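Participant: Given next are the chains, with one letter for each unit.
Number of protein chains: 2
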Amino acid sequence: MRLSRYFLPILKETPKEAEIVSHRLMLRAGMMRQQAAGIYSWLPLGLKVLRKIEGIVREEQNRAGALEMLMPTVQPADLWIESGRYDDYGKEMLRISDRHDRSMLYGPTNEEMITEIFRSYVRSFRDLPLNLYHIQWKFRDEVRPRFGVMRGREFFMKDAYSFDLDKESARRAYHRMFVAYLRTFARLGMQAIPMKADSGPIGGDMSHEFIVLASTGESGVFCHKDLLDMPVPGEDVDFDSDLSPIVDAWTSLYAATDEKHDEAAFAAVPEDRRIAARGIEVGHIFYFGTKYSDPMNAKVTTADGQNVPVHMGSYGIGVSRLVGAIIEASHDDNGIIWPASVAPFDAAVVNLKQGDAATDAMCERLYGEMRAAGFDALYDDTDQRAGAKFATMDLIGVPWQVVVGPKGLASGEVELKNRATGERASLTPEAAMNRLVAEARGAS
Amino acid sequence: MRLSRYFLPILKETPKEAEIVSHRLMLRAGMMRQQAAGIYSWLPLGLKVLRKIEGIVREEQNRAGALEMLMPTVQPADLWIESGRYDDYGKEMLRISDRHDRSMLYGPTNEEMITEIFRSYVRSFRDLPLNLYHIQWKFRDEVRPRFGVMRGREFFMKDAYSFDLDKESARRAYHRMFVAYLRTFARLGMQAIPMKADSGPIGGDMSHEFIVLASTGESGVFCHKDLLDMPVPGEDVDFDSDLSPIVDAWTSLYAATDEKHDEAAFAAVPEDRRIAARGIEVGHIFYFGTKYSDPMNAKVTTADGQNVPVHMGSYGIGVSRLVGAIIEASHDDNGIIWPASVAPFDAAVVNLKQGDAATDAMCERLYGEMRAAGFDALYDDTDQRAGAKFATMDLIGVPWQVVVGPKGLASGEVELKNRATGERASLTPEAAMNRLVAEARGAS
Numbered sequence: 001m002r003l004s005r006y007f008l009p010i011l012k013e014t015p016k017e018a019e020i021v022s023h024r025l026m027l028r029a030g031m032m033r034q035q036a037a038g039i040y041s042w043l044p045l046g047l048k049v050l051r052k053i054e055g056i057v058r059e060e061q062n063r064a065g066a067l068e069m070l071m072p073t074v075q076p077a078d079l080w081i082e083s084g085r086y087d088d089y090g091k092e093m094l095r096i097s098d099r100h101d102r103s104m105l106y107g108p109t110n111e112e113m114i115t116e117i118f119r120s121y122v123r124s125f126r127d128l129p130l131n132l133y134h135i136q137w138k139f140r141d142e143v144r145p146r147f148g149v150m151r152g153r154e155f156f157m158k159d160a161y162s163f164d165l166d167k168e169s170a171r172r173a174y175h176r177m178f179v180a181y182l183r184t185f186a187r188l189g190m191q192a193i194p195m196k197a198d199s200g201p202i203g204g205d206m207s208h209e210f211i212v213l214a215s216t217g218e219s220g221v222f223c224h225k226d227l228l229d230m231p232v233p234g235e236d237v238d239f240d241s242d243l244s245p246i247v248d249a250w251t252s253l254y255a256a257t258d259e260k261h262d263e264a265a266f267a268a269v270p271e272d273r274r275i276a277a278r279g280i281e282v283g284h285i286f287y288f289g290t291k292y293s294d295p296m297n298a299k300v301t302t303a304d305g306q307n308v309p310v311h312m313g314s315y316g317i318g319v320s321r322l323v324g325a326i327i328e329a330s331h332d333d334n335g336i337i338w339p340a341s342v343a344p345f346d347a348a349v350v351n352l353k354q355g356d357a358a359t360d361a362m363c364e365r366l367y368g369e370m371r372a373a374g375f376d377a378l379y380d381d382t383d384q385r386a387g388a389k390f391a392t393m394d395l396i397g398v399p400w401q402v403v404v405g406p407k408g409l410a411s412g413e414v415e416l417k418n419r420a421t422g423e424r425a426s427l428t429p430e431a432a433m434n435r436l437v438a439e440a441r442g443a444s
Numbered sequence: 001m002r003l004s005r006y007f008l009p010i011l012k013e014t015p016k017e018a019e020i021v022s023h024r025l026m027l028r029a030g031m032m033r034q035q036a037a038g039i040y041s042w043l044p045l046g047l048k049v050l051r052k053i054e055g056i057v058r059e060e061q062n063r064a065g066a067l068e069m070l071m072p073t074v075q076p077a078d079l080w081i082e083s084g085r086y087d088d089y090g091k092e093m094l095r096i097s098d099r100h101d102r103s104m105l106y107g108p109t110n111e112e113m114i115t116e117i118f119r120s121y122v123r124s125f126r127d128l129p130l131n132l133y134h135i136q137w138k139f140r141d142e143v144r145p146r147f148g149v150m151r152g153r154e155f156f157m158k159d160a161y162s163f164d165l166d167k168e169s170a171r172r173a174y175h176r177m178f179v180a181y182l183r184t185f186a187r188l189g190m191q192a193i194p195m196k197a198d199s200g201p202i203g204g205d206m207s208h209e210f211i212v213l214a215s216t217g218e219s220g221v222f223c224h225k226d227l228l229d230m231p232v233p234g235e236d237v238d239f240d241s242d243l244s245p246i247v248d249a250w251t252s253l254y255a256a257t258d259e260k261h262d263e264a265a266f267a268a269v270p271e272d273r274r275i276a277a278r279g280i281e282v283g284h285i286f287y288f289g290t291k292y293s294d295p296m297n298a299k300v301t302t303a304d305g306q307n308v309p310v311h312m313g314s315y316g317i318g319v320s321r322l323v324g325a326i327i328e329a330s331h332d333d334n335g336i337i338w339p340a341s342v343a344p345f346d347a348a349v350v351n352l353k354q355g356d357a358a359t360d361a362m363c364e365r366l367y368g369e370m371r372a373a374g375f376d377a378l379y380d381d382t383d384q385r386a387g388a389k390f391a392t393m394d395l396i397g398v399p400w401q402v403v404v405g406p407k408g409l410a411s412g413e414v415e416l417k418n419r420a421t422g423e424r425a426s427l428t429p430e431a432a433m434n435r436l437v438a439e440a441r442g443a444s
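Note that the protein sequences, when read in sequence, are chains A and B.
Residue 87 in the working numbering sits at position 87 of the first sequence, with consecutive numbering throughout.
Residue 56 in the working numbering sits at position 56 of the second sequence, with consecutive numbering throughout.
One should not assume that every hint holds.
If chains are identical, the list can't say which one is meant, so a pair holds when it fits in one copy or spans any two.
[Unchecked claim] Here are the computed lysine-lysine pairs in the DSS-like style, where the Cα-Cα straight-line distance is at most 27 Å:
hint	residue 1	residue 2
1	LYS16	LYS299
2	LYS407	LYS417
3	LYS52	LYS91
4	LYS299	LYS12
Derived by calculation from the structure, the hints in this document are not laboratory data.
Note that the coordinates shown come from a computational prediction; the quantities given were computed from them, not determined experimentally.
Turn these sequences into a full structure, and let the hints steer you where they fit.
Facilitator: This is the structure in structure tokens:
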């Protein structure tokens, strides 16, 4: 993309309303614009990141055998009356009356609707297990939306719902999502630790929050240091196999948010292995048994002819929230440091003297070579001064920047800069491209 | 995808509420489920088609230089009060009060919001031309939603908005979208004819509807037969060049919906070149000048220092509606006939005797080869009877079906079936795969 043709409205001043760094950086970097409290437009740069995150979430859901579908944003209230949650949900639910005065709502979550879909089509244990997910906009009418996309009202979420014949099968479904989540967050360049969460009236051990460590995180977290070095299952993990050894390894070590923190248990962790840090919740997985299938009469026939309510779980990832969470976990004073997998552009060419024939020609050549090599490349071909160009590249966090100017070219060199380390190297254009391609191969 | 693990709830009976063929077939093929009047869930098969259409629409918008962003579904009412449309819009607008009693609405379209975004960031003619688009869910509270996704309430739409310094530049922006639309619909396997549409109070010649010919179409259309053979610009069309020769060629021949039909002008078309048919509107492009920039004060500075309201156009494609439109244009008594570019699966393997070792092994082999060749492949590995399997494949419209059974295998052959032509050929497995690969290369 040529920057002269792009829409990247960088803000020079730090917006006053933004209380946390991800919110500030997303506004300054021209990633988004607030349209109402907690409601944002995603400008081109922000949308690119959102879509890359969404893509990774989708791939890992599919790999784990979940099937993608898409439920609408507007739901009839009837379903929620049936499950008993319509009155309970309170003011966070955005209630709507349509032109015929039918009670509708903007879905804050989809347990009711997916249960309705399930009971409409599935009758037999032979059709299980089943895991259906969608990635869709949701609305929760927070009383005080804040922190940008970290606590917005309209937000983008992946929610999966598993259906199984009994609790043992449901546990296997739960394990599949557990492993899929480990892989998802690792691919997003983050250390996410599963931590035991409140499992409500059902009790048991099948509710985990996935927490990303970030110094600016919303909650205090306590965990065993070995969790940071725990290997994440590879691409070749077999989701049809017994995944409990993986889950057991991750859950055998102490990890809790301050809400569930147990000082005594933490004290049992060797002192040099204790970590007290801050974290952000980016995912939540939850087995809830027959909580919805019972009142909504979602039953299947067993092998011996009985008719039993199906066992369900739900599995959420806050996709739009992740954009903020990644920035909270990875930034410096100059701006955002994107993990390679979600960077809006892989690499950029910075032209230090637009209009200088040799510089322009070299920039065009490198920009062409980057694209030919499969990079999503940005070319700053504007007539801004060098300092502003450097600042923009660091602010928006382009991982690799090739800076081209007449002085360097006079000695046959361009400068290759790594955003994360700040390392700069003067290289021939050929060497710079070779390095870029080698680094990209290494990262993928 | 193995059908035994997929969620494809085929309906045996034709749903009574469905008045038109696309609605009937989408319900029968398990593509979608109605959740409320005019509000649908997209089941896995339907979502695949929707995403493929969305992908083609996106590629062609990007090729034409439009920039993707994403506006929220919920909008503040203020913007619409400012433009003067809040009261005009009537009951089709889904109005919402949030918990603080602020007036919001579910966006039926986005002229106001995009104008607000534009005026917040863009000040100078140097930043023009600009075309921003998004593909997002919209809501129009139709008094009587019907015809499935053809006239739903919650629908998926691509809407682009162009910003230019003056009418001449706006015309160039209009031409770029005109050409992008020709390419988009052609890639979707449809003959879409641009037809002059009502341009409202602004007048002029810059408003066209794109109409797909389909015998079950909603409106009568009249056009010159040569339009059906008019070449669509190729991938190499230069969107920076003067596109008016292309636009002039397409608009020089008679084409009108019954609303704008002019009997006298049609009579001037040579008799053997006259077509009277039926059609479905799938896109609409529209130049509206300063209709929103004037009241909303969206101005730019010209080269000579004047401050002028920006000239705008909007360009819509009904993405969810297209799923229905394609089916209306392409089906037979057995089901849907997808154009290759949007088929939910490229090819399928049908196992006629699940459990027979040789048949299972050959099916696995072919299914593996299809995937290795890059096909999005479906494998019917269920234990349904052959007739039901054939019916399902034709109903959901898999373009190429490889049928494998013990009888054929005894003589070393499988059957390759083409869904569109009904042609069947007995071939060795190798020849069937070669044919498939060759056909796929030809189609792309």
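Participant: Quick one: LYS52 to LYS91, C-alpha cut-off 27 Å, is that within a copy, between copies, both, or neither?
Facilitator: neither (33 Å within a copy, 38 Å between copies)
Participant: 27 Å Cα cut-off: does LYS299 pair with LYS12 within a copy, between copies, both or neither?
Facilitator: between (58 Å within a copy, 21 Å between copies)
Participant: From the Cα coordinates, with 27 Å as the cut-off, is the pair LYS407 and LYS417 best called within, between, both, or neither?
Facilitator: within (17 Å within a copy, 65 Å between copies)
Participant: Please sort LYS16 with LYS299 into within, between, both or neither, judging by C-alpha distance up to 27 Å.
Facilitator: Classified as between; 26 Å across copies, 53 Å inside a copy.
When held up to the earlier numbered hints, the structure conflicts with hint 3 and nothing else.
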